[in-house]
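> Sequence:
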Amino acid sequence: MSNTASHMPQEVPPSEPMKSAQGFRWMREPECLLLLGLVLVFYLVRLPDLSLRGEEPRRGQVAIEMLQTGDWITPRQQGTLFFSRPPLQNWIIAGLGVLRGGVDVWAIRLPSSISVLLTCFLIYGYARTFLTATGALLAGASYCTMGQVLELGRLGETEAFYTLVVAGSLILWHWGWTQKWSPLATWSAAYFLAAMGMLAKGPQAPIYFAAAVGLYLLATRNWRALLAPAHFAGILLFAVIWAAWQIPYSLQNGNFATFRMYQNDIAMRFEDTSWLTLVEHLGLFPLEILACLLPWSVLLLVYCRPGFWRGLGSGKSQALFLLGAIAITFPTCWFTPGAKTRYFMPLYPCFALLVGLAAQQCWTTTAAWRHSWSRFQVFLAGTMLVSSIAAIVVTIVWPTETPVLAVLFAIFFSTSCVGLAWATWRTASAETTSQQRIGVLAVSAFIGLMFTGLVTNLQIRGSNDIEQQLTELKEKLPPHTPLVSFDLIDSAFTYHYAEPVELVDPMSDWMASSEYFCFDQHAARRLQEAGLKWEEVGVVSCARTRNEMTERRIIVARRLDGPTTQVARMPATPLLR
Numbered sequence: 001m002s003n004t005a006s007h008m009p010q011e012v013p014p015s016e017p018m019k020s021a022q023g024f025r026w027m028r029e030p031e032c033l034l035l036l037g038l039v040l041v042f043y044l045v046r047l048p049d050l051s052l053r054g055e056e057p058r059r060g061q062v063a064i065e066m067l068q069t070g071d072w073i074t075p076r077q078q079g080t081l082f083f084s085r086p087p088l089q090n091w092i093i094a095g096l097g098v099l100r101g102g103v104d105v106w107a108i109r110l111p112s113s114i115s116v117l118l119t120c121f122l123i124y125g126y127a128r129t130f131l132t133a134t135g136a137l138l139a140g141a142s143y144c145t146m147g148q149v150l151e152l153g154r155l156g157e158t159e160a161f162y163t164l165v166v167a168g169s170l171i172l173w174h175w176g177w178t179q180k181w182s183p184l185a186t187w188s189a190a191y192f193l194a195a196m197g198m199l200a201k202g203p204q205a206p207i208y209f210a211a212a213v214g215l216y217l218l219a220t221r222n223w224r225a226l227l228a229p230a231h232f233a234g235i236l237l238f239a240v241i242w243a244a245w246q247i248p249y250s251l252q253n254g255n256f257a258t259f260r261m262y263q264n265d266i267a268m269r270f271e272d273t274s275w276l277t278l279v280e281h282l283g284l285f286p287l288e289i290l291a292c293l294l295p296w297s298v299l300l301l302v303y304c305r306p307g308f309w310r311g312l313g314s315g316k317s318q319a320l321f322l323l324g325a326i327a328i329t330f331p332t333c334w335f336t337p338g339a340k341t342r343y344f345m346p347l348y349p350c351f352a353l354l355v356g357l358a359a360q361q362c363w364t365t366t367a368a369w370r371h372s373w374s375r376f377q378v379f380l381a382g383t384m385l386v387s388s389i390a391a392i393v394v395t396i397v398w399p400t401e402t403p404v405l406a407v408l409f410a411i412f413f414s415t416s417c418v419g420l421a422w423a424t425w426r427t428a429s430a431e432t433t434s435q436q437r438i439g440v441l442a443v444s445a446f447i448g449l450m451f452t453g454l455v456t457n458l459q460i461r462g463s464n465d466i467e468q469q470l471t472e473l474k475e476k477l478p479p480h481t482p483l484v485s486f487d488l489i490d491s492a493f494t495y496h497y498a499e500p501v502e503l504v505d506p507m508s509d510w511m512a513s514s515e516y517f518c519f520d521q522h523a524a525r526r527l528q529e530a531g532l533k534w535e536e537v538g539v540v541s542c543a544r545t546r547n548e549m550t551e552r553r554i555i556v557a558r559r560l561d562g563p564t565t566q567v568a569r570m571p572a573t574p575l576l577r
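Here the UniProt record's numbering is used: the first residue of the sequence shown is 1, the next is one more, and so on.
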């Protein structure tokens with residue numbers, strides 16, 4: 001009996017990293033469940049409250065046209081080829097649209113929320129190979145509460161899913177490498193995710209994977225692994241998955257269309273290559289990245305302290321891999337003048353893991369190191385109290401005609417901030433595992449509450465209601481009126497109009513079947529110069545906020561002239577290229 005018991009796998013204490021023999025028991029740890037609970041609350045509560053914005057309507061419209069045409073190979077917008085990125089995200093949205101009976105806000109945004117959940121799950125599991133359960137909790141919580149992740153992870157943009165597959169390929173590969181998984185399984189899983197990234201947005205995924213892994217293997221003198229059969233099997237899997245879509249697309253649309261699919265978005269980032277723009281970007285971009293990682297990026301400063309690297313122990317290999325991945329990929333965005341911070345979001349999980357490692361070093365070394373964490377928590381506790389007071393002041397003491405917060409929510413928000421500030425301050429010493437865990441949860445809860453409550457309310461308050469404008473417009477039109485346009489119309493209009501808007505050749509005779517048409521505000525003069533007589537039926541602003549209502553306006557008009565008029569083709573606006 002005792003002999004059998006001695007061979008039973010032992011439960012690893014949450015205060016120690018897991019070894020490979022413990023497998024996937026981390027999934028049952030309370031810290032993992034707490035992390036998943038945080039993500040579900042932060043990324044599902046009020047998910048549909050904010051109107052669709054940015055590229056969301058375009059993602060949804062492409063998915064709708066896939067369902068309407070039955071063509072899942074070629075992304076289209078108003079029936080024309082859409083040269084932006086491969087269609088994996090559109091497939092997912094369309095699939096959810098089938099399940100929900102329509103491509104609505106949930107079908108568009110839910111993939112992003114689920115992607116954040118899975119990314120946090122992956123971060124926690126990988127972190128448990130070199131961090132305690134609380135350190136892994138902080139790593140996952142820091143990712144899902146980074147400012148830019150909270151913004152984009154609740155929208156139907158590509159970044160959250162792309163981060164899952166790009167960061168997932170890196171993390172999963174190094175996880176398998178350090179834990180001695182089967183080389184075939186390790187390389188295949190990583191290249192599978194890289195292929196998903198290729199089908200979601202393009203070559204950034206395989207390039208980042210190859211650069212980060214190649215650098216690590218060269219730096220650790222394990223370059224022979226690149227010549228192993230398992231590696232070539234992974235490359236073959238990547239090629240097969242990518243070719244399954246790429247070959248039919250190229251056969252259907254030609255090689256030039258294939259080139260434009262991958263080149264279009266990249267070329268836009270180099271439209272302004274002046275030295276002034278480049279120097280400004282070089283100076284600001286690193287600071288912008290650190291701002292997007294707030295408040296957790298502050299903890300990365302401990303990596304500059306003397307003696308930090310000597311105390312890393314088992315986490316040194318992971319730290320070197322993560323830092324190497326960031327360093328080798330950062331120039332792709334840093335030296336691109338038009339690059340946005342969200343383009344580097346696929347590496348945010350690497351930062352989150354480094355934050356977890358930094359916090360654990362603060363907790364487990366000398367009192368001087370713990371003091372760094374204590375100052376971090378005390379500062380955030382003060383921020384929570386200031387936020388509590390501000391919510392009461394702007395809502396009750398100095399109310400405006402259109403209050404930012406409802407009175408009941410302001411009271412709830414203020415009370416919650418006070419409670420979280422107290423918990424954060426009381427656990428600032430981080431002397432016990434319980435204090436560390438409560439501190440992480442309190443800080444994360446405050447950030448999540450701030451975004452899903454105050455920030456979301458401010459966004460809703462300033463949002464332009466396109467759907468309401470189109471409802472009023474349709475009351476002026478005959479039921480199910482077909483519209484035509486001479487050039488691509490803003491996708492926010494076509495999505496919310498919920499009726500086909502045919503793109504017609506202005507040289508053709510379209511008068512017989514189309515009395516009503518729509519056009520971008522910048523095309524009005526061209527139509528008048530062409531001699532087309534029309535009367536305005538309504539104007540719809542597709543701008544994101546009410547402050548921009550004079551921008552991105554779509555005019556719906558009725559033709560007054562009888563004979564067909566040839567209209568010169570208007571160039572597409574920069575928004576629609």
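You may find that some hints are simply not true.
Said to hold, decoys possible - Only pairs whose alpha carbons sit at most 25 Å apart, straight line, appear in this in silico DSS-like list of lysine-lysine:
| # | residue 1 | residue 2 |
| --- | --- | --- |
| 1 | Lys474 | Lys533 |
| 2 | Lys533 | Lys476 |
| 3 | Lys180 | Lys340 |
Hints listed in this document are in silico derivations from the structure and should not be mistaken for laboratory results. As the structure is a computational prediction, the values presented were derived from the model and not from experiment.
> If a hint holds in the structure, say so; if it doesn't, say that too.
Hints, one by one, checked against the model:
Of the supplied pair hints, the one linking Lys474 and Lys533 holds, its CA atoms being roughly 22 Å apart against a limit of 25 Å. Of the pairs offered as hints, the one joining Lys533 and Lys476 holds, with about 19 Å between alpha carbons and a cut-off of 25 Å not exceeded. At roughly 37 Å between alpha-carbon atoms, Lys180 and Lys340 are farther apart than 25 Å, so this suggested pair is violated.
Figure legend: structure checked against the earlier numbered hints; the only hint not met is number 3.
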